Amino acid sequence: MLRSRIIPCLLLHQGGLVKTRRFTEPKYVGDPLNAVKIFNEKEVDELMFVDIDATAESQEPNMRLLRSLAVESRMPLCYGGGVTNADQASRIVATGFEKVSVSSAALVRPALIKEMSEEIGSQSVVVTIDVKANRLFAGHTIYTHNGRQKHKQPLLEFCHQAVSMGAGEIIINSIDRDGLMEGYDLDLARQVRGAIDTPMTVLGGAGTAEHMQTLIDAVGTVGAAAGSMFVFKGPYRAVLINYARPPRL
Amino acid sequence: MIAIVDYGSGNVSAIADIFKRLKLPHVITRDHAELKAADRYVLPGVGAFDTTMRTLKDSGLIGLLNDEVQGHGKKIMGVCVGMQILGDSSDEGVLPGLGWITGHIRRIDSSTINGLPKLPHMGWNSLHIKNDSPLFDNVDPERGFYFLHSYYFDAKDSECVFATVDYGSKLPCVVASGNVFGFQFHPEKSHSNGVAVFRNFSLL
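Keeping their order, the protein sequence lines are chains A and B.
Heads up: the first sequence at position 58 corresponds to 58 in our numbering, and the numbers run straight through without jumps.
Heads up: the second sequence at position 123 corresponds to 123 in our numbering, and the numbers run straight through without jumps.
Accuracy of the hints is not assured; some may be wrong.
Claimed, not checked - Derived DSS-like pairs (lysine-lysine); straight-line CA-CA distance at most 27 Å:
{"id": "1", "chain 1": "B", "residue 1": "LYS75", "chain 2": "B", "residue 2": "LYS20"}
{"id": "2", "chain 1": "A", "residue 1": "LYS27", "chain 2": "A", "residue 2": "LYS132"}
{"id": "3", "chain 1": "A", "residue 1": "LYS233", "chain 2": "A", "residue 2": "LYS114"}
{"id": "4", "chain 1": "A", "residue 1": "LYS42", "chain 2": "B", "residue 2": "LYS74"}
{"id": "5", "chain 1": "A", "residue 1": "LYS42", "chain 2": "A", "residue 2": "LYS233"}
{"id": "6", "chain 1": "B", "residue 1": "LYS74", "chain 2": "A", "residue 2": "LYS114"}
{"id": "7", "chain 1": "A", "residue 1": "LYS27", "chain 2": "A", "residue 2": "LYS150"}
{"id": "8", "chain 1": "B", "residue 1": "LYS156", "chain 2": "B", "residue 2": "LYS75"}
{"id": "9", "chain 1": "B", "residue 1": "LYS118", "chain 2": "B", "residue 2": "LYS57"}
{"id": "10", "chain 1": "B", "residue 1": "LYS57", "chain 2": "B", "residue 2": "LYS156"}
{"id": "11", "chain 1": "A", "residue 1": "LYS37", "chain 2": "B", "residue 2": "LYS118"}
{"id": "12", "chain 1": "B", "residue 1": "LYS36", "chain 2": "B", "residue 2": "LYS74"}
{"id": "13", "chain 1": "A", "residue 1": "LYS114", "chain 2": "B", "residue 2": "LYS75"}
{"id": "14", "chain 1": "B", "residue 1": "LYS36", "chain 2": "B", "residue 2": "LYS20"}
{"id": "15", "chain 1": "B", "residue 1": "LYS36", "chain 2": "B", "residue 2": "LYS23"}
{"id": "16", "chain 1": "A", "residue 1": "LYS132", "chain 2": "A", "residue 2": "LYS152"}
{"id": "17", "chain 1": "B", "residue 1": "LYS23", "chain 2": "A", "residue 2": "LYS37"}
{"id": "18", "chain 1": "A", "residue 1": "LYS42", "chain 2": "B", "residue 2": "LYS20"}
No lab work stands behind these hints: they were computed from the structure.
As the structure is a computational prediction, the values presented were derived from the model and not from experiment.
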């Protein structure tokens, strides 16, 4: 049976790895290559890297770094950050990453999703959507540029459009829950699950393997991604790279 | 010597890294002399079927590989789309494949898949072994392999199906005919099971 994927999501910032809270206060947690080596030993399901500088500072993906990570990795890899065209996606796949994620560039120009899927195949095209819950009325608003730029397009409409353009996976990331380790936004996960039929990964809020099991119970086979719980240990957030699956997986 | 065929598609470095860790002599190459000197091949491949076939054709290596694999019986393993192009044709494109294992590449019928998600088939799934081949020595079929695809190899001869994976129906995911072997999943990204497959192939 196809199993849910438990995915560490690591943030690249100024050459190192960081972890944020609600997309702020980046805290240094280590070296990316060293993290790949540790996660190899732990036999993790999948690993995701997001370069949080690339889009905000209009940088190209760092192909040399991606190549060095891919050569070392014995697990599937996804990369996001600063991807604006299909040629970059193709070069990222050539470094040895299985999947390439786009976010802000696809919101501005959804045809990019189609161009990427024709170049590298739908199965390798991921659309990551960062959202904040609306305070005044139900629903979520899409943001890009590390939570600083707001978009008008309704969330579920964009999910639908992304999949119809050829996205093979949607990653839905709750900015409100980022780094809090108090559990996923399950309503958000259910809404997105109901809108699309491709694989989905949920990010933002997981603090324990039980949180991941709760997500799986709510939406079925899913990608359960997390940052903090795989890089911090204990109440004082001591840096320690670790990995645990829910016991039933 | 194992030659990883460097025709411009697929993850050659990750495969080479595994052979390096296994201390097995290998080379990443598109050089005719080096390819002729090798005694077995790995054929990687990612992307669409036609793009991959066109890239292989443009590399000018098809004639040589045909001679070595079909003529001299050297062993070859195709991985992911490198496996699909071992077949005759594909739903995904119009170009003919290499035709080394008789079969057609079909899109997975999403109506057979219960619940969500549907396609692509993405993630870790268990293997059902149909042929007691040494290819599966030290492989834990329950833990299985990492899959990432929407098309599968529908082999004409059921004897060619060495293993299947359950996704909607029982999809062939390891196919073989004589000296030609194909793996739909990503052994280079499947931890110890994947390493075992590369080691086993080197010992065949």
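Run the distance test for A/LYS42 versus B/LYS74: straight-line Cα separation, threshold 27 Å. Between A/LYS42 and B/LYS74 the Cα gap is close to 36 Å, so the pair fails against 27 Å, i.e. violated.
For the pair we were handed, B/LYS23 and A/LYS37, check the Cα-Cα distance against 27 Å. holds, 19 Å
What's the verdict on A/LYS27 and A/LYS150, does the C-alpha distance respect the 27 Å limit or exceed it? Status holds; Cα separation ~25 Å.
Between B/LYS36 and B/LYS74, does the CA-CA distance stay at or below 27 Å? Since the Cα atoms of B/LYS36 and B/LYS74 sit roughly 10 Å apart, the hinted pair holds (cutoff 27 Å).
Has the given pair, B/LYS156 with B/LYS75, been kept, meaning a C-alpha gap of at most 27 Å? Cα-Cα ~21 Å, so holds.
Sort out whether B/LYS57 lies within 27 Å of B/LYS118, counting only the CA atoms. Roughly 33 Å separates the two Cα atoms, so the pair is violated.
Keeping to a limit of 27 Å between CA atoms, is the pair of A/LYS42 and A/LYS233 held or broken? holds, 16 Å
Assess, step by step, whether the Cα of B/LYS75 is no farther than 27 Å from the Cα of B/LYS20, and give holds or violated. Status holds; Cα separation ~19 Å.
Compare the distance between the alpha carbons of A/LYS37 and B/LYS118 with 27 Å, and conclude whether the hinted pair is satisfied. Answer violated: A/LYS37 to B/LYS118 is near 32 Å, above 27 Å.
Compare the distance between the alpha carbons of B/LYS74 and A/LYS114 with 27 Å, and conclude whether the hinted pair is satisfied. Given that 27 Å is the threshold and the Cα spacing comes to 39 Å, the pair is violated.
Would the hint linking A/LYS233 and A/LYS114 be met if the CA-CA limit is 27 Å? With a Cα-Cα distance of about 41 Å, the restraint between A/LYS233 and A/LYS114 is violated, given a limit of 27 Å.
Would you check the hint for A/LYS27 and A/LYS132, treating anything up to 27 Å between C-alpha atoms as holding? Distance of about 22 Å is within 27 Å: holds.
This entry does not satisfy hints 3, 4, 6, 9, 11 and 13, going by the numbered hints stated previously.
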